[in-house]
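Got chain A; can you put chains B, C and D on it based on the hints?
Protein chains: 4
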Amino acid sequence: MQHMGVDEAARFIRKDPFAANLGIEFILIEKGHAISRMTLGEEHKNFMGMIHGGAIFSLADATFGAAANSGGTRSMAIHVSIDYLAPPGDTNYLQADVRETARAGRGGHYQMEVRNDPGDLVAVCHGWAYHTSRPLKG
Amino acid sequence: MQHMGVDEAARFIRKDPFAANLGIEFILIEKGHAISRMTLGEEHKNFMGMIHGGAIFSLADATFGAAANSGGTRSMAIHVSIDYLAPPGDTNYLQADVRETARAGRGGHYQMEVRNDPGDLVAVCHGWAYHTSRPLKG
Amino acid sequence: MQHMGVDEAARFIRKDPFAANLGIEFILIEKGHAISRMTLGEEHKNFMGMIHGGAIFSLADATFGAAANSGGTRSMAIHVSIDYLAPPGDTNYLQADVRETARAGRGGHYQMEVRNDPGDLVAVCHGWAYHTSRPLKG
Amino acid sequence: MQHMGVDEAARFIRKDPFAANLGIEFILIEKGHAISRMTLGEEHKNFMGMIHGGAIFSLADATFGAAANSGGTRSMAIHVSIDYLAPPGDTNYLQADVRETARAGRGGHYQMEVRNDPGDLVAVCHGWAYHTSRPLKG
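Protein chains in written order, with our numbering: chain A, 1 to 138; chain B, 1 to 138; chain C, 1 to 138; chain D, 1 to 138.
Extracted from the complex, chain A is given alone in its bound form:
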């Protein structure tokens, strides 16, 4: 059996209902690397009127999922940490950039950066995915 290529994998990944509900758009999906953007609205805010930490994390995590599954086999996040470095400020969108940085057996380590419109760092995340050998279609 042949693994699906990154383009076919990307077609699957782009049909993510949770990401769509949050207005997350996948800009780039290549092997071990993905970039996504979330256009911000009232529905991303917390009760203080600031962008919710869960929204910032969800953007990073959806992009992590794209990078981790880009190889065409199913992978699952087992751990993610997020450090909130600065408030997003006055920005129309947030953008996440995620790269695979290492492999340890079936484990893959990923670094994630979330930046605002001017390009300032808003949050950094680090995560581990567990790579199965099952194809995405499953």
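Because the hints were derived from the structure by calculation, they are not lab data.
Keep in mind that the hints are not guaranteed to be accurate.
Result set (DSSO-like, lysine-lysine): computed pairs, CA atoms no more than 27 Å apart in a straight line [as the list claims (entries may be wrong)]:
#	chain 1	residue 1	chain 2	residue 2
1	D	K137	C	K45
2	C	K45	D	K31
3	C	K45	D	K45
4	D	K31	C	K15
5	D	K137	C	K137
6	A	K45	B	K45
7	D	K15	D	K45
Here are the simulated distance ranges between beta carbons [stated by the list, open to error]:
#	chain 1	residue 1	chain 2	residue 2	range
8	C	I27	B	R134	41 to 49 Å
9	B	K31	C	P118	21 to 29 Å
10	D	T39	C	R134	26 to 34 Å
11	D	N92	A	G89	43 to 51 Å
12	C	T39	A	D117	52 to 60 Å
13	B	P87	C	K31	23 to 31 Å
14	B	T132	A	A20	29 to 37 Å
15	B	D90	C	E30	46 to 54 Å
16	B	R103	C	S133	42 to 50 Å
For glycine and all other residues, C-beta sits at the position ideal for the given N, C-alpha and C.
For chains B, C and D alone, kept in the frame of chain A given last:
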């Protein structure tokens, strides 16, 4: 000036647009402790048809925000980590329970558990909030 | 080939030069669970005269290694986080208790607690080990 | 009262008994940045003959402490996470490089890299320190 009490703080916290958008309902908000529930639908799923890690995190994080701000003064999350222990399985909702476990100066440490309908552990999170002295309204 | 039992595994684990150098004594090693104690001296202190964070972590990590390798096959830590909840205070030793809390494929999740002599919580850690199928002797 | 300068702070930091016991040498301490080196021996190994995760963490953490206290006021680590990316391999020493990346109130975020002799990445760490206003001496 008087700090607002936990009931007044809870009224603010319950008006969270991001939480509302994800179907998160705050069940209990008391000093340093909160419980929330998220009823699951298609919009919480990822492209594999499983509950998205970002949705699980967002439930925990919204509950963390409720527990951390229950004292009536503004606090901000600086760090959260999540460990995904088991898939949610066949469940109508997920429930998060968050407790403050320690204070270190203006820092507060919180432990979070996310469980499915039968009560099985789905994820654990640990986070730090930075407690300012500004009132929630301010 | 037969896997070694927990008693044989424990004999290996107890010959740890790094743990011995820090005065760490393995009190209990059973399947997926270990308890260790570190008697404190000047060599565990930082330049402020407090117990060094690295010493507290090392006690937890050595105990994590004991719990994760107790099955007789080699495992490697891929991620550990530590939250320092309170200074150890006036105590002769620190004690760590580590339990496996979940398995996800070859990944194992472990919770760790470090307490002082009176039993107060000093730090909590969470980690993931990657379980290989190679025997410890390997 | 005047804060001590970075040179005076560095003199304090270099007298760290735990770091000395592990053979850690502070190479550079400047404002918000430090580099340290640990020459490896039998006492850094675990029962498998590999460099102990606690030794790798301790090098990073001691360097973190140097960077976080370089301003002359006491700071305490509240959280550190470590991701083990690759075994150190055949190397005489490990070197850690730690930089402050952000401030949030009294919280400071630090990124840490540990590399082997050829310069390959062995581990990355991320931590938060709580900065008090008390001078190092006090």
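Cross-check of the supplied hints:
1. K137/D to K45/C: holds, 15 Å
2. K45/C to K31/D: holds, 23 Å
3. K45/C to K45/D: holds, 21 Å
4. K31/D to K15/C: Answer violated: K31/D to K15/C is near 41 Å, above 27 Å.
5. K137/D to K137/C: violated, 49 Å
6. K45/A to K45/B: holds, 21 Å
7. K15/D to K45/D: Holds, because 24 Å separates the two Cα atoms, which is no more than 27 Å.
8. I27/C to R134/B: 41 to 49 Å: holds, 47 Å
9. K31/B to P118/C: 21 to 29 Å: holds, 26 Å
10. T39/D to R134/C: 26 to 34 Å: With a Cβ separation near 29 Å, T39/D and R134/C satisfy 26 to 34 Å, so the hint holds.
11. N92/D to G89/A: 43 to 51 Å: The hint (43 to 51 Å, Cβ to Cβ) holds, given that N92/D and G89/A are roughly 46 Å apart.
12. T39/C to D117/A: 52 to 60 Å: holds, 55 Å
13. P87/B to K31/C: 23 to 31 Å: holds, 24 Å
14. T132/B to A20/A: 29 to 37 Å: holds, 35 Å
15. D90/B to E30/C: 46 to 54 Å: violated, 34 Å
16. R103/B to S133/C: 42 to 50 Å: Given about 44 Å between the Cβ atoms, the range holds.
The structure is inconsistent with the numbered hints 4, 5, 15, although it conforms to all the rest.
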